[in-house]
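Engineer: Letter by letter, the chains look like this.
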Amino acid sequence: MNLLDPILLSLRVAGLATVITAVLGLFLAARLNATRSRPGRILAGGLESVILAPMVFPPTMTGYLLLLLLGPNGPVGSLWGASGGLLFSWLAAVIASVVVSLPLMYQSAKTALTSVDPHCIAAARTLGASERRIFWKITVPLAWPGIAGGMALAFARAIGEFGATLMVAGNIPGATQTIPLALYSAVESGNTHAANLLLGITVALSFAIVIVVRWSERRTAASRAHRLAGGGSR
Amino acid sequence: MHSIAIFLGNSLKPILLATAIAGLVIWSGSGCSGKDPLIISAASSLGPVLEELKPAAEAACGSRIALNLAGSGALRTQIESGAPADVFIPAASPDMDLLEKAGLILRDTRRDCAANALVLVSATRTLADGTHDLATTLAVWSRIAVGDPVSAPVGRYTSNVLARLGLEQSLSNKVVTGNSVRQIVSYIETGSVDGGFVFATDAQRLIQAGKARHLRRFTPAESGGEVRYPAAVLARSHNPEAARKFVLFLSGTTAQAAFERAGFTKP
Chain X
1 MNLLDPILLS LRVAGLATVI TAVLGLFLAA RLNATRSRPG RILAGGLESV
51 ILAPMVFPPT MTGYLLLLLL GPNGPVGSLW GASGGLLFSW LAAVIASVVV
101 SLPLMYQSAK TALTSVDPHC IAAARTLGAS ERRIFWKITV PLAWPGIAGG
151 MALAFARAIG EFGATLMVAG NIPGATQTIP LALYSAVESG NTHAANLLLG
201 ITVALSFAIV IVVRWSERRT AASRAHRLAG GGSR
Chain Z
1 MHSIAIFLGN SLKPILLATA IAGLVIWSGS GCSGKDPLII SAASSLGPVL
51 EELKPAAEAA CGSRIALNLA GSGALRTQIE SGAPADVFIP AASPDMDLLE
101 KAGLILRDTR RDCAANALVL VSATRTLADG THDLATTLAV WSRIAVGDPV
151 SAPVGRYTSN VLARLGLEQS LSNKVVTGNS VRQIVSYIET GSVDGGFVFA
201 TDAQRLIQAG KARHLRRFTP AESGGEVRYP AAVLARSHNP EAARKFVLFL
251 SGTTAQAAFE RAGFTKP
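As given, the protein sequences belong to chains X and Z, one line each in that order. Take 1 as the starting number for the first sequence in the numbering used here and just add one per residue. Take 1 as the starting number for the second sequence in the numbering used here and just add one per residue.
No lab work stands behind these hints: they were computed from the structure. From the three backbone atoms N, C-alpha and C, an ideal C-beta is built for every residue, glycine too. Among the hints, a few may not be true.
Chain Z regions said to be covered by chain X (calculated; three or more residues, Cβ under 8 angstroms) [unchecked claim]:
1. 37–50
2. 62–71
3. 74–83
Let the hints inform the model, and build the full structure from the sequences given.
Structural biologist: This is the structure in structure tokens:
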């Protein structure tokens with residue numbers, strides 16, 4: 001069993017999925033929680049439950065829904081043009097990873113954005129900064145540790161994604177076989193040597209992710225303490 | 001203000017870097033698609049044999065081959081949803097029957113490529129020898145691993161055997177149910193059970209690893225039908241000519257020898 005292929009593919013899939021999830025999650029968290037009108041809030045609540053649904057669904061269920069969506073007869077797959085829709089391609093693995101990791105990114109970004117001191121934003125507004133400028137130059141930098149933590153969680157979820165990926169991307173060595181799928185194949189065929197190696201790699205990756213999450217938590221705590229001490233936005 | 005600018009510079013750099021890497025990766029990924037390989041959707045238990053046969057099979061059918069390995073039910077669902085597979089090899093006939101009924105396979109290409117048998121093994125720690133009467137052996141055991149009759153093919157054959165021997169009632173409080181034959185194998189490997197019902201191929205691996213002892217092999221009459229692995233070309237195959245050659249190759253001498261080494265029997 002070739003172990004390099006699944007590792008590179010997993011990093012590629014999880015990396016791209018994390019970039020998409022980060023942009024999408026941050027945008028949705030900012031947009032859905034900025035609406036003040038009543039119908040807007042109801043709509044935002046509905047959209048939020050759609051975003052969070054994959055956290056409740058068993059992965060096989062998410063996989064089955066994606067299969068219907070991305071298949072050649074599905075609304076997304078039929079647009080793609082290829083005979084099998086998007087199925088059995090590594091992009092299908094990216095989509096599966098985005099869908100399951102978006103709830104984690106969204107929730108982290110939402111918490112991080114709402115924890116930004118409104119006085120800083122109000123001060124920027126009195127100085128005449130545009131809303132866009134305030135978002136990119138005040139809100140995002142102040143919320144950055146929380147956003148980075150969300151990205152690390154999203155990356156972790158994407159690296160470990162199995163159920164939905166198996167359904168839509170298949171388990172094709174060298175093409176769509178990620179680390180969890182290779183691990184499944186190794187265990188299923190009794191290849192304990194490969195299974196142990198893949199397990200070791202997964203453990204190492206998860207350690208790295210935990211370190212990033214803890215670092216971002218410390219940064220959040222530190223910036224809060226800094227702000228309480230009266231420093232920061234002067 | 002200055003400090004914010006620095007902070008912003010620091011915070012945007014990783015995003016820009018990640019986007020650049022992602023762009024590069026997509027570009028490199030889409031560039032290397034040559035001629036599409038034949039996609040063989042096969043039961044994961046066939047993985048090791050098919051992997052071994054891959055080079056010979058590629059030569060025989062003149063096309064690159066990609067194996068897609070998963071449980072038979074998941075593979076069937078993928079095919080029903082239009083996944084671009086060329087050949088289907090499930091571990092049980094019912095999954096193939098359903099696709100045949102739906103007109104998703106080329107009927108004339110269907111043929112069994114291997115067979116298996118139900119075997120009872122004991123975990124090595126338990127004392128039992130092959131000459132013992134089955135009922136007495138099972139009576140002294142306290143835990144027996146069997147497959148779930150609904151989700152695992154091995155479970156269906158096992159419940160047939162137990163029903164035929166009239167043991168279903170007496171064993172009902174001893175059985176540990178596994179969702180797949182692999183789970184039963186793990187129970188036996190770890191010594192969590194006294195023994196269990198597995199396929200001959202699994203038994204061979206367990207015995208070679210010194211983790212189990214052969215107790216009894218059941219005939220097709222006892223297990224209610226032969227354990228067969230059917231193969232067929234799918235109706236939507238993008239290269240039916242090569243797919244046909246692949247299915248024929250599986251019945252050839254090279255492939256059959258490999259199946260036999262792995263513990264399968266001739267269909």
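Engineer: The stretch 37–50 of chain Z covered by chain X? Criterion: 3 or more residues, Cβ-Cβ distance below 8 angstroms.
Structural biologist: As far as the stretch 37–50 of chain Z goes, the hint holds, because 6 residues have Cβ atoms under 8 angstroms from chain X.
Engineer: Using a Cβ cutoff of 8 angstroms, are there at least 3 residues of the stretch 62–71 of chain Z near chain X, or does the coverage claim fail?
Structural biologist: holds (count 5)
Engineer: Three residues or more, CB to CB closer than 8 angstroms: is that satisfied between the stretch 74–83 of chain Z and chain X?
Structural biologist: Satisfied; 6 residues make the cut.
Of the hints listed earlier, there is not a single one the structure fails to meet.
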